[in-house]
Amino acid sequence: MSPKTLYDKIWDAHVAHEADDGTCLLYIDRHLVHEVTSPQAFEGLRMAGRKVRAPEKTIAVPDHNVPTTPDRVNGIENPESRIQVEALDKNAKDFGIHYYPVNDVRQGIVHIVGPEQGWTLPGMTVVCGDSHTATHGAFGALAHGIGTSEVEHVLATQTLIQKKSKNMKVEITGKLQPGVTAKDITLAVIGETGTAGGTGYVIEYCGEAIRDLSMEGRMTVCNMAIEGGARAGLIAPDETTFEYVKGRPHAPKGAQWEAAMDWWKTLFTDEGAHFDKVITLRGEDIAPVVTWGTSPEDVLPITATVPNPEDFEGGKVDAARRSIEYMGLEAGQKLSDVEIDTVFIGSCTNGRIEDLRAAAEILKGKKIKDGMRAMVVPGSGLVRAQAEEEGLAEIFKEAGFEWRLAGCSMCLAMNPDQLQPGERCAATSNRNFEGRQGRGGRTHLLSPAMAAAAAITGRLTDVRELM
Amino acid sequence: MEKFEKVHGVAAPMPLINIDTDMIIPKVHLKTIKRSGLGVVLFDEMRYHDDGQENEEFVLNKPAYRQTEILVAGDNFGCGSSREHAPWAIKDFGIKVVISTSFADIFFNNCFKNGILPIVVEEEHHAVLMEDAHKGENARMTVHLEDQKITTSDGVEIAFDIDPHRKHCLLNGLDDIGLTMEKDHHIDKFEDHASQARPWV
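Each protein sequence line maps, in turn, to chains Y and R.
Counted from 1, the first sequence has number 108 at position 108 by this note's numbering; the numbering is strictly sequential.
Counting from 1 along the second sequence, just add 1000 to a position and that's the residue number in this note's numbering.
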């Protein structure tokens, strides 16, 4: 048998039908659903008189436009948001799918809830009408975002029509330097490949620096595979993975656990398997990074200066010029001189317990700069509860941060948490697109520790200066 | 779904690279529970000023491009969020074809589900089409799906590739779910096998 990549193995285990031209029906083990991209899909089912084929494999949670202020227990004020969440309440009930409603302590961002509850397991296929489904690849699950028509297709048939992607390997060798995190790895990779560098590929992340990451860190890395254009990101499961999964509410138990482990331990890329593209970065070379522009590929070490658009090539010259103007920066300006007025810690990229610990570590005993608006939005109600138990919430509050309820919040600003035109935010989220956090708002992506450092000094800051 | 055969219409140039789905339709318009009526907010933040007035500089607001049916766009069009509201808005505006040197994966898939034809062309051909699109409404481009051919207003012909299954579905206006349900027995068989092999799933 010819050697296979991890992606090949998971793919092969899920092909329910293959047509002569290579078009496959890929069976889906877990379908995650949220309120924004699903109403039209459920409506489509109703109109065609169709059922959800596998409700026991379908999990729904509202996250995108739920408010994160404590008064949300009294209901959602914005009528459109309320209608979307109510539609999900009703659809979950009518179609009999698993559901975590807004005021359930287990509610949170769908990509944090899935792993936390043990729905996401190694070797699975996982989809969701959300591009950051790539997050679940951290478990060695083939996970990717889909559109609403595909949501409807999966609801009705538990399959997706797919053609196989190519294999790409991203290896991070060696050890990370102090102050460098999973977020810096994933941003540095996109800085290297560009936002279209992964188009047509599924990425497998490997190497010592990836192995050394916790599950939280691995989720951060895979989460942004989509920002590099890849269909999915994967990391082979190992003891770190099994340790995380064991005992979760929906993880297998007893004899089933043993049977699952037997298969999970075969989920790695065979020696000599072929990759169509290989990128290698040295862990030691990765610095704490920030984005300067309006594409996640606009990444530079915090010690660098804003680039000159003329130094780029092709269409990137105009794109960089437009970005720098939108961001209100000047070529040659030191990134560490850029003043910010808002800090957002949260999102499916960096809203897990380890992220909050990293930020709290920097903030301990310190205050945020006067006039700074800073908020922490835990990724789930359970992350929030754990952070309170560990005393992290107190550190944030004493430093001057708002301590919010779980949701997507200012990552995409569909709820009331938004930037005003011209406001500048240091954000632990995943997209710095024009208007992403609010029309005219300016976003610099960075790690939780870097976000905490920026909150203290009021400017983009090299976290190593505060360590 | 409506059958897709041929489009003969105005092509608009949008040379900017990395046009993301937040630009195509900002999140404030994702709160709908319907698919229709989003054309008016297509490219919202570029198309309208803060006060809601049209930005005359924006290509689709120029008289020559108000009836655009073909968009010639910069590289990596449709990157970012998976929101299908992006192709819904494009379709609702009246655009039926988007041409670029590359598309983001999810957006590309979403187009086919909505009867929009995304075409990937080589850089040299892209330059020819972009130049043609700059000529305004008198220069109409033709996209012929059956023949897999784009014809510029000057009669230059450019061939393009398309996945045969997707071409078949577009030409015949086929609904994916209906097609897949015809293969139900394969899915049943897979489920039987998988529940033995991986009972914990």
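Just so you know, the hints here were simulated from the structure itself, not pulled from any lab data.
Heads up, the beta-carbon is just placed ideally off N, CA and C, and yes, glycines get one too.
Any given hint could be a false lead.
No farther apart than 20 Å at their CA atoms in a straight line, the calculated lysine to any residue pairs in the SDA-like style are these [said to hold, decoys possible]:
hint	chain 1	residue 1	chain 2	residue 2
1	Y	Lys51	R	Asp1188
2	R	Lys1189	Y	Lys166
3	Y	Lys163	R	Ala1197
4	R	Lys1167	Y	Glu18
5	Y	Lys166	R	Thr1101
6	Y	Lys163	R	Arg1166
Restraint-style ranges between C-beta atoms, simulated for each label pair [unchecked claim]:
hint	chain 1	residue 1	chain 2	residue 2	range
7	Y	Ala19	R	Phe1058	37 to 47 Å
8	Y	Asp370	R	Gln1067	48 to 58 Å
9	Y	Trp263	R	Asp1175	48 to 58 Å
10	R	Pro1063	Y	Ser2	40 to 50 Å
11	Y	Arg322	R	Glu1122	47 to 57 Å
Verification of the hints:
1. Y:Lys51 / R:Asp1188: holds (15 Å)
2. R:Lys1189 / Y:Lys166: violated (27 Å)
3. Y:Lys163 / R:Ala1197: Given pair lysine 163 of chain Y, alanine 1197 of chain R is violated - Cα atoms ~24 Å apart, limit 20 Å.
4. R:Lys1167 / Y:Glu18: Within the cut-off at roughly 18 Å; holds.
5. Y:Lys166 / R:Thr1101: holds (19 Å)
6. Y:Lys163 / R:Arg1166: Holds, at roughly 11 Å.
7. Y:Ala19 / R:Phe1058: 37 to 47 Å: Distance hint for alanine 19 of chain Y, phenylalanine 1058 of chain R holds at roughly 42 Å.
8. Y:Asp370 / R:Gln1067: 48 to 58 Å: Given range 48 to 58 Å: holds, Cβ gap about 54 Å.
9. Y:Trp263 / R:Asp1175: 48 to 58 Å: violated (35 Å)
10. R:Pro1063 / Y:Ser2: 40 to 50 Å: violated (59 Å)
11. Y:Arg322 / R:Glu1122: 47 to 57 Å: Violated: the Cβ-Cβ distance is about 25 Å, outside 47 to 57 Å.
Comparing the model with each numbered hint stated earlier shows that hints 2, 3, 9, 10, 11 do not hold.
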